[in-house]
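Enquirer: Given the sequences, and given the hints that come with them, work out the whole structure.
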Amino acid sequence: MSSSTPDFDSFPVVVHGHQFEDFPEGREFVHHWGRTITAGDNALFSTATCNWNPMHLNAEFARAHGHLDVVVNPMLVLCTVVGLSVEDLSEIGGPFLGMEDVRFHQPVHPGDTLTASSRVVEARESQTRPHTGIVTWHTEARNQHGERVVEYRRTNLVAKKRPPKGH
Amino acid sequence: MTAPSALTGSNNYFEDFTVGQRMRHARSATVDEVENNYISKQVMNTAQSHWNEEYLAGSPLGDGRLVFGLITGSMTVGLASQDTAENALSELGLNAVRFKKPVHHGDTITAYTEVLETADSPDRDDAGIVRFKHWGRNQHGDVVCELERLVLIKRRSHWTQP
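Taken in sequence, the protein lines are chains A and B. Quick note on numbering: the working numbering labels position 5 of the first sequence as 5, and the sequence is numbered without any gaps. Quick note on numbering: the working numbering labels position 103 of the second sequence as 103, and the sequence is numbered without any gaps.
Heads up, a few of these hints could be off.
To be verified - Residues of chain B placed beyond 12 Å of chain A at every Cβ, according to the derived structure:
#1 54
#2 57
#3 64
#4 128
#5 139
#6 141
Said to hold, decoys possible - Which residues of chain B face chain A? A partial, calculated answer using Cβ under 7 Å:
#7 7
#8 29
#9 35
#10 44
#11 47
#12 75
#13 77
#14 78
#15 79
#16 91
#17 95
#18 97
It should be emphasised that the hints constitute simulated quantities derived from the structure, not laboratory data. All values reported here derive from a predicted model rather than from experimental measurement. Don't be surprised by glycine CBs; every beta carbon is placed ideally from N, CA and C.
Expert: Right, here's the structure in full:
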């Protein structure tokens, strides 16, 4: 029977991510992988999002303002840090509601490497959706020198593992 | 090299922004393969709803790939960037970032801005801080995202020749 087609529906899914019950207040996560931001990343992201600012795309202009190279678009820094946190925080949870207090502390330059970590700030039940909670995390990212480059609070709807009683 | 001040606009220095000033940015942009499908993966966003066409089929969020909210936000900032940050020294931060409606491939974003506040910089006298409110709207006129943004912007008095 080795040549027959296996029952693919019986293969267990390798699940990645967390749900509401996994987010007690105060729990900390060190997010996977890290990311070195390259000149190519910055040029692609900045042009694709119509952000043609010479501080991001003209190295001589950036040098004339005291930088060693172009300044990586801070929105790319923010998107990457959120991206690194998605598996731990929101991959199987629910929609992204918003962010508060985003602070860019340090410029990022091509070749810098970012790593991210988060802490659960608040986790509460949704008043209107019985299968769902609302979780807020504080996330920060540091560069290869240990300097904090960005921090923010992010809030998502997050699915619960178990349906409430009566369902 | 060409003087930096010759490479950027002359009407968007700190002194040019006034509280209550409103701008509708002239260029709109459509979100498609590069903007969402690729950038979501580029920035390590592992949520497959952003790059798996089948994943959300039949869901209340709508069929097809859901645009990563921060890409909508980044395009809103990008579309507003020439008019608000061409003479910026740095982006300081964001606040009150909200994603109001799902965005899908093929949707077109237009950016709108209001100046909420202008202030001296506590750190340097050659620049000031402007707090902007930005809105991104889709082709149906629905607001899909909104955010506030703090930018450190050059003062003309210090950065241009009289």
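Enquirer: All the hints need checking, so say for each whether the structure fits it.
Expert: Going through the hints against the structure:
1. 54: holds (15 Å)
2. 57: It holds; residue 57 of chain B is separated from chain A by about 17 Å at its closest Cβ, greater than 12 Å.
3. 64: holds (16 Å)
4. 128: Correct as stated: the minimum Cβ-Cβ distance to chain A is 16 Å, above 12 Å.
5. 139: holds (16 Å)
6. 141: holds (20 Å)
7. 7: holds (6 Å)
8. 29: At 5 Å from the nearest chain A Cβ, residue 29 of chain B passes the 7 Å test, so the hint holds.
9. 35: Cβ of residue 35 of chain B sits 5 Å from chain A, so the hint holds.
10. 44: holds (4 Å)
11. 47: At about 5 Å, which falls below the 7 Å cut-off, the nearest Cβ of chain A leaves the hint on residue 47 of chain B intact, so it holds.
12. 75: Result: holds, 5 Å to nearest chain A Cβ.
13. 77: holds (6 Å)
14. 78: Nearest chain A Cβ about 4 Å off; hint holds.
15. 79: holds (5 Å)
16. 91: Hint holds; residue 91 of chain B Cβ to chain A Cβ min 4 Å, cut 7 Å.
17. 95: holds (6 Å)
18. 97: holds (4 Å)
When the structure is compared with the earlier hints, no violation turns up for any of them.
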